[in-house]
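Asks: This is what each chain is made of:
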Amino acid sequence: GENVEQHPSTLSVQEGDSAVIKCTYSDSASNYFPWYKQELGKRPQLIIDIRSNVGEKKDQRIAVTLNKTAKHFSLHITETQPEDSAVYFCAATPGGYQKVTFGTGTKLQVIP
Amino acid sequence: SAVISQKPSRDICQRGTSLTIQCQVDSQVTMMFWYRQQPGQSLTLIATANQGSEATYESGFVIDKFPISRPNLTFSTLTVSNMSPEDSSIYLCSVDVQETQYFGPGTRLLVL
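Chains as they are written, first to last, in this note's numbering: chain A, 11 to 122; chain B, 155 to 266.
Simulated from the structure, these hints should not be mistaken for lab results.
Note that the structure is predicted; figures quoted are calculated from it, not measured.
Some clues are possibly wrong.
Label-pair restraints from in silico Cβ distances [claimed, not checked]:
#1 B:Thr210 - A:Asp27: 40 to 50 Å
#2 B:Thr198 - A:Asn63: 38 to 48 Å
#3 A:Gln70 - B:Pro225: 37 to 47 Å
#4 B:Ser163 - A:Arg61: 27 to 37 Å
#5 A:Arg71 - B:Glu240: 34 to 44 Å
#6 A:Ala80 - B:Ile217: 19 to 29 Å
#7 A:Pro92 - B:Gly194: 37 to 47 Å
#8 B:Gly214 - A:Gln55: 19 to 29 Å
#9 B:Glu208 - A:Asn13: 41 to 51 Å
#10 B:Glu240 - A:Glu66: 23 to 33 Å
#11 B:Ser213 - A:Asn63: 28 to 38 Å
#12 A:Gly51 - B:Gln168: 40 to 50 Å
No residue lacks a Cβ here, since even glycine has one placed at the ideal position from N, Cα and C.
Full structure from sequences and hints, please.
Replies: Structural data, given as structure tokens:
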């Protein structure tokens with residue numbers, strides 16, 4: 011089955027700096043890669059996603075890149091703000107109602 | 155997207171008892187999923203529930219321990235049976251809408 015590895019497990023950045031979280035996956039059949047943000051005590055919320063026919067996607071301060079050949083994808087947050095502090099999960103799935111496999115999570119702390 | 159509610163939001167239970175968690179969605183969905191999230195950990199899929207058929211369980215989870223019902227396209231229940239302290243966790247339901255998973259708010263369970 012699919013295996014998703016995520017690094018780093020914790021990340022501290024100064025407010026205004028950029029943060030990068032990296033994930034690798036094992037199943038070449040995976041073609042949909044969502045990213046979730048989970049604030050303390052809250053449910054995971056989808057923040058951005060990318061499909062295998064796209065190499066990069068951007069939404070304001072958040073961007074995701076995908077390298078299908080190398081089987082890795084990354085989340086980039088620019089101009090970080092304290093409200094970006096949360097746990098971020100990457101995930102991968104072949105789609106079509108097949109299982110979504112989550113990474114182990116990255117706890118991001120943005121220091122004011 | 156989808157609006158998902160869960161009941162109860164939290165509970166404290168005695169070992170050996172059972173708890174049924176309800177998940178309600180505001181629209182008809184084909185697939186519903188049940189996850190467990192232990193403190194500080196990622197999301198682990200328990201089972202997939204399709205209306206009108208038996209739930210499909212992931213490795214390490216069995217129907218006798220986690221029976222699931224899916225009586226219609228907007229509702230599902232997960233029962234945690236014969237609970238032990240190791241079952242203390244957050245249980246989340248989710249639905250698949252156009253290949254994106256949306257999560258309920260979770261049920262925080264503490265077993266004493």
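Asks: Each hint should be assessed against the structure and marked as holding or not.
Replies: How the hints compare with the structure:
1. B:Thr210 - A:Asp27: 40 to 50 Å: holds (43 Å)
2. B:Thr198 - A:Asn63: 38 to 48 Å: Because 29 Å falls outside the window, the suggested range is violated.
3. A:Gln70 - B:Pro225: 37 to 47 Å: holds (41 Å)
4. B:Ser163 - A:Arg61: 27 to 37 Å: Given about 34 Å between the Cβ atoms, the range holds.
5. A:Arg71 - B:Glu240: 34 to 44 Å: With Cβ atoms ~40 Å apart, the hint holds.
6. A:Ala80 - B:Ile217: 19 to 29 Å: violated (39 Å)
7. A:Pro92 - B:Gly194: 37 to 47 Å: violated (21 Å)
8. B:Gly214 - A:Gln55: 19 to 29 Å: 27 Å Cβ-Cβ, so the 19 to 29 Å window holds.
9. B:Glu208 - A:Asn13: 41 to 51 Å: For B:Glu208 and A:Asn13 the Cβ distance comes to about 27 Å; the hint is violated.
10. B:Glu240 - A:Glu66: 23 to 33 Å: violated (42 Å)
11. B:Ser213 - A:Asn63: 28 to 38 Å: Hint holds: Cβ distance 31 Å, inside 28 to 38 Å.
12. A:Gly51 - B:Gln168: 40 to 50 Å: violated (24 Å)
Hint violations for this structure: numbers 2, 6, 7, 9, 10 and 12, all remaining hints satisfied.
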